[in-house]
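Participant: The primary structure of each chain is shown beneath.
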Amino acid sequence: MMLGEITLGHYLALSTLLFLVGLAGVLLRRSLLIVMMSLELLLNAANLALVAAARFKGIPDPQVAVFFVITVAAAEVAVGLAILVAIFRLKKTTSAEDFASLKF
Amino acid sequence: MIAYAPYLILLLPLLAAVAIRLFLYPFPRIAVPVSVGACLGSFLGSLMLLNAGTPAGGMAAPAVPWIELAGLKAGFSLVADPLARLMTTTVTGVALLVHIYSLGYLAKDPCRSRFFAELSLFVFSMLGIVFADNLITMFIFWELVGLSSYLLIGFWHQRPAAGAAANKAFLVNRIGDFGFILGILGAWSLFGTISFADLPSRAASGAPFWAATAVGLGLLCGCLGKSAQLPLHVWLPDSMEGPTPVSSLLHAATMVVAGVYMLIRVLPILELSWVTMNTIAWIGAVMTLLPALIACQQNDIKRILAYSTLSEIAYMVMAVGLNIPGPGMYHLVTHAFFKCLLFLAAGSAIHGCHEEQDIWKMGGLRKRMPFTFLVTWVGTLALAAIPPFSGFWSKDAIFAATYDRPGLAACSMAAGFFTSFFMLRMILVAFGGKPRSEGATHAHEGPPAMVVPMLCLAVLSVLGGILPISDFLGMKPDHPHHAWTLWLSLLLAVAGFFPAYHLYQGAMQDPLRVPILQAKFYVDEFYQRGLVAMQDGLGRLADAFEGWVVRGFLVRGSGVAARVAGQGLRLVQCGQVQLYAAVFILGALGVVGWLLGRVSS
Amino acid sequence: MCLPAMLVIPLLAVGLIALGSRPKVTALWASVVNCIPGCLASGGVLRSGEILFGPEPIPAREVFPAKFILGMDGLSLSMVWLTLLVTVAAIGSAQAGIKREKEYFICLLLIGLGALGAFLSVDLFYFFTFHEVALVPTFLLVGIWGQGDRAGAAWRMTVYLMLGSMVLLMGLIGLYLSLPETARSLDWRVLGETVRANPLSPGTQRILAALLLIGFGTLVSLVPFHSWAPGGYASAPAPAAMLHAGVLKKFGLYGLMRVALPMTPDGWKEIGWIVGLLLAGNILYLGLAALQQRDFRWLLGFSSAMHMGTVFLGLISGTVLGLAGALTLMVGHGLSAALGFAVAGEISRRTGTSWMQDLGGLAQRAPKLWFYLMVAAMASMGLPGLANFAGEIMIFFGAWAAHPGLVGIAAWGVVLSAVAMLRAVRAIAFGAMSPAVSAEGVADLQGIRETWPLAALSLALLLVGIVPLVVYGPAQPVLERLLTP
Numbered sequence: 001m002m003l004g005e006i007t008l009g010h011y012l013a014l015s016t017l018l019f020l021v022g023l024a025g026v027l028l029r030r031s032l033l034i035v036m037m038s039l040e041l042l043l044n045a046a047n048l049a050l051v052a053a054a055r056f057k058g059i060p061d062p063q064v065a066v067f068f069v070i071t072v073a074a075a076e077v078a079v080g081l082a083i084l085v086a087i088f089r090l091k092k093t094t095s096a097e098d099f100a101s102l103k104f
Numbered sequence: 001m002i003a004y005a006p007y008l009i010l011l012l013p014l015l016a017a018v019a020i021r022l023f024l025y026p027f028p029r030i031a032v033p034v035s036v037g038a039c040l041g042s043f044l045g046s047l048m049l050l051n052a053g054t055p056a057g058g059m060a061a062p063a064v065p066w067i068e069l070a071g072l073k074a075g076f077s078l079v080a081d082p083l084a085r086l087m088t089t090t091v092t093g094v095a096l097l098v099h100i101y102s103l104g105y106l107a108k109d110p111c112r113s114r115f116f117a118e119l120s121l122f123v124f125s126m127l128g129i130v131f132a133d134n135l136i137t138m139f140i141f142w143e144l145v146g147l148s149s150y151l152l153i154g155f156w157h158q159r160p161a162a163g164a165a166a167n168k169a170f171l172v173n174r175i176g177d178f179g180f181i182l183g184i185l186g187a188w189s190l191f192g193t194i195s196f197a198d199l200p201s202r203a204a205s206g207a208p209f210w211a212a213t214a215v216g217l218g219l220l221c222g223c224l225g226k227s228a229q230l231p232l233h234v235w236l237p238d239s240m241e242g243p244t245p246v247s248s249l250l251h252a253a254t255m256v257v258a259g260v261y262m263l264i265r266v267l268p269i270l271e272l273s274w275v276t277m278n279t280i281a282w283i284g285a286v287m288t289l290l291p292a293l294i295a296c297q298q299n300d301i302k303r304i305l306a307y308s309t310l311s312e313i314a315y316m317v318m319a320v321g322l323n324i325p326g327p328g329m330y331h332l333v334t335h336a337f338f339k340c341l342l343f344l345a346a347g348s349a350i351h352g353c354h355e356e357q358d359i360w361k362m363g364g365l366r367k368r369m370p371f372t373f374l375v376t377w378v379g380t381l382a383l384a385a386i387p388p389f390s391g392f393w394s395k396d397a398i399f400a401a402t403y404d405r406p407g408l409a410a411c412s413m414a415a416g417f418f419t420s421f422f423m424l425r426m427i428l429v430a431f432g433g434k435p436r437s438e439g440a441t442h443a444h445e446g447p448p449a450m451v452v453p454m455l456c457l458a459v460l461s462v463l464g465g466i467l468p469i470s471d472f473l474g475m476k477p478d479h480p481h482h483a484w485t486l487w488l489s490l491l492l493a494v495a496g497f498f499p500a501y502h503l504y505q506g507a508m509q510d511p512l513r514v515p516i517l518q519a520k521f522y523v524d525e526f527y528q529r530g531l532v533a534m535q536d537g538l539g540r541l542a543d544a545f546e547g548w549v550v551r552g553f554l555v556r557g558s559g560v561a562a563r564v565a566g567q568g569l570r571l572v573q574c575g576q577v578q579l580y581a582a583v584f585i586l587g588a589l590g591v592v593g594w595l596l597g598r599v600s601s
Numbered sequence: 001m002c003l004p005a006m007l008v009i010p011l012l013a014v015g016l017i018a019l020g021s022r023p024k025v026t027a028l029w030a031s032v033v034n035c036i037p038g039c040l041a042s043g044g045v046l047r048s049g050e051i052l053f054g055p056e057p058i059p060a061r062e063v064f065p066a067k068f069i070l071g072m073d074g075l076s077l078s079m080v081w082l083t084l085l086v087t088v089a090a091i092g093s094a095q096a097g098i099k100r101e102k103e104y105f106i107c108l109l110l111i112g113l114g115a116l117g118a119f120l121s122v123d124l125f126y127f128f129t130f131h132e133v134a135l136v137p138t139f140l141l142v143g144i145w146g147q148g149d150r151a152g153a154a155w156r157m158t159v160y161l162m163l164g165s166m167v168l169l170m171g172l173i174g175l176y177l178s179l180p181e182t183a184r185s186l187d188w189r190v191l192g193e194t195v196r197a198n199p200l201s202p203g204t205q206r207i208l209a210a211l212l213l214i215g216f217g218t219l220v221s222l223v224p225f226h227s228w229a230p231g232g233y234a235s236a237p238a239p240a241a242m243l244h245a246g247v248l249k250k251f252g253l254y255g256l257m258r259v260a261l262p263m264t265p266d267g268w269k270e271i272g273w274i275v276g277l278l279l280a281g282n283i284l285y286l287g288l289a290a291l292q293q294r295d296f297r298w299l300l301g302f303s304s305a306m307h308m309g310t311v312f313l314g315l316i317s318g319t320v321l322g323l324a325g326a327l328t329l330m331v332g333h334g335l336s337a338a339l340g341f342a343v344a345g346e347i348s349r350r351t352g353t354s355w356m357q358d359l360g361g362l363a364q365r366a367p368k369l370w371f372y373l374m375v376a377a378m379a380s381m382g383l384p385g386l387a388n389f390a391g392e393i394m395i396f397f398g399a400w401a402a403h404p405g406l407v408g409i410a411a412w413g414v415v416l417s418a419v420a421m422l423r424a425v426r427a428i429a430f431g432a433m434s435p436a437v438s439a440e441g442v443a444d445l446q447g448i449r450e451t452w453p454l455a456a457l458s459l460a461l462l463l464v465g466i467v468p469l470v471v472y473g474p475a476q477p478v479l480e481r482l483l484t485p
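Protein chains in written order, with my numbering: chain A, 1 to 104; chain B, 1 to 601; chain C, 1 to 485.
A hint or two may mislead.
[Said to hold, decoys possible] Restraint-style ranges between C-beta atoms, simulated for each label pair:
1. A/100 - C/64: 40 to 46 Å
2. B/587 - C/151: 53 to 59 Å
3. C/170 - B/548: 29 to 35 Å
4. B/110 - C/11: 47 to 53 Å
5. C/32 - B/18: 34 to 40 Å
[Stated by the list, open to error] One side only, chain A facing chain B, incomplete, derived with CB under 10 Å:
6. 16
7. 23
8. 28
9. 29
10. 92
11. 96
12. 97
13. 99
Calculated directly from the structure, the hints in this document are not laboratory data. Ideal Cβ placement from N, Cα and C applies to all residues, glycine included.
If we strip away everything but chain A, and leave its shape as in the complex, we get (with noise of 0.2 Å):
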């Protein structure tokens, strides 16, 4: 059944969705491993924009930064996770609210 044309504006707004659960996970979640979860969502948004505009534009430039995206995303993740790893060996709590010690 053809609901019509699934066009870049599509994926476009689907991916602006994702940026925006993303961002409000960043923002709002107390858990700062669900904050991380949150900001891969982020990226991987950014990525299907990319992917998308790749495909409907038919440039392969796009794919080249979605490859950086992953990449950096994947080492994000890895020294982020051990940080949190650290911080909870340290202060037996994961929540962003503990964690105000730079404060004035």
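Guided by the hints, dock chains B and C onto chain A, whose structure is given.
Facilitator: Structure of chains B and C alone, referenced to chain A:
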């Protein structure tokens, strides 16, 4: 060779002062003769200068430039015209006698080296005023004389009253100098010169009336300060805190007449304005009378003489105001003789009574100190202008010029009456009757060093009338001579003796009590409560403003403001990462939106 | 060669002290030895008008336009000698066994170095920088070795002066940028010629003159930017106060003479009435406030700030006579302020207090110290024979034509300063001895060793007072050139 005489006369005392200050303080036996010797040298030089005849215009010694820059040529050039020669002879002569007197008076003072150094400094400064050939040089030495006076009044610095008196003298003089320097600046801009040689010709070419008046009044201010005339006279009675030789030399014979000397030098400017001349004449006239009245109720022997000095200087000032500088100088010279004599005699009495200065605590000195008694009488008769003493001739010359000015004549002749009154009062109380204190009972004459100068001055006070001073100066007055001035003034002067005799012969305490005179017309109180309080009040206001508003509110306040702002702003650092992220996103959105806005427009 | 030597010798001394040589002796020797290149340089200046060291000025565009050029002419001659003399006297009167002695003398040497560098610079950038070099050690000296509220005074003084320097920098950069691009340079000889060839627009001149006035004026304690001075000097140790009041204050006036007068002449004339108002404030307001001070150092600080007003009068007089007087008064004030603070330091060191009501009768206990107190007081009051009077009289005559009212105010200021100083002398020296003065350890100045700095300053005051030609003579051609557009 003779052209360098002024420099020699001027610099000898300076060399003595410097030598004593640098090397001879611990050796009074060397220091004192050095100082006396320098004064002697200057006196001999002055005599030589007096006798060296030259054309009436005078001669000027070669100049030493001080400041020579666009428009201003101020240098140390010394002039030796007849006026200067007369003045320097008088100054060095009287100074020499006072030096010798001080040998006896301060023989036991541990700080006498310092005294003689300061005395030599004074002689140097005074001679600088005498020899100065332009207003700036005169001003320089004017201030140096003020310094010497300050040092000498405060010589016994352990006494608190001495410090106060020294300060008062210097500051009142400074106020006079304020007017003086403005007068000098005015004269420079009005006449284009400050040299006394050029002044007569420049002034003769005329100047705007009120400008010349202002300049004249400014220059007058300097005289009022230095010569202690109304309203700047308050320092002279206080200056009696200094040792008596100081009072006799500075504050009777030489320093205080520097103002009169200066006025005579700038007479060409003063003559341009009848306002100035009248002001001078009237200040002179009033000041002959007021201090004479005050002196009638004073009990300190030196204060009596101080007020008498104020009165006598006023005669000289009045003479300038009447445009008869010749008689003015005549009185200056004779006054130097008899006033210095009177002060030395008073010093002798004080010394004899073991530092007692209150005349009511003296008494009976006639028998115990007959020589002092005699010379005091000589001085008094000269002061009261009784013929044939010197004071008569000089004062009469001044009275003669008041023939058509009844107000001036009335004031000055009445002053003569009161002068006789208070002088006889002083003699009767201090020398007559019985001794009224321990010191007076054991009074004795001073050493020869004190007696000889008094003798010299007594002779001069008697014979000084024959000196042809007005002729020598070429300043003979040219007004008609009326006999009534002579007889009226003489009558009043002699009449003054009678009430004094009646009241004070054999008195043990003062039968007269006139509070306003005892309080010196409340002038000191007016200055203290009025002007000084106002200045201090303004100072307090300025200091409070400085402390509270400027330092407190503005400076510390801005520091506090910076700190408070910082404390406010640091609340942004909440430590919450997610808040930071939110702010970041908002900012990013803002930038993107702005960019999109720019792209679309 | 002698110009950079004057800067290198203090640096060498700093190095030697850091390496461990005896601080006071090293510093003193270095300052005295520094006078030798000073003499050589003076000879050069008197012979040929000015001497230079450094590359030739090239008015071309460069990445960093500042060039390290040193130069001395008749105007900076007096300033350099003032610095040399006051540095020698300050180090001479500094106490040797003080805590952290090395750092103390290093700071003193650096202040001298900064001042010398500033007066010898021909390039505006280095002119400014050397002054900042001199400011930092002042901060340390006041904050660490001072007395009273020393930390607060150090902070206030330094931040205030830095703010003034900032405004000054804006003015200098503004001056640089307002020149046509091809002719921009920081070398003030080039600047002078450029501005002479094509003068700046009146509006620019006004703004620049105002900025320079505020900037330099703060450094000179011109009302209303003056309140750092009295507190700062009162809290500073005596040598630091001597150097700052004696030398560093003159930097601002020198800068005005070098930069503002020739390069913004019309602007300077236009704001002349503002300067007049402010200098009247200096003289009257600060003079009156000085009367109420109870601490001798505070009084000296106020009095020193007050005299700056008279110097400004010379600067706005518009005549060579007035400028020459300003220069002479700068030298005289530097020497007399240094002498005053040195005496104050000696008094407070011996009796433990500067509070005038607690002192009294010093003349009996310490007559030599009293003598120098009198010299300082008389110089400050403008007694003829000492340098301040020579400067003041030239300023009065120079400014009379243009600003007679201000001259009257300045003349009254002379009376006010006499009142303040005489009251202080009376409180400190006359009368009976107070407990603080008659106490055990109060001794007079002993021998040459303790009197020579004071004597040196007094002799210099006397010399300049009797022969002011030594100050204004070499500077006369420079001053004339400053005034001709």
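Participant: Of the numbered hints stated earlier in the document, which are not met by this structure?
Facilitator: 2, 5, 6, 10
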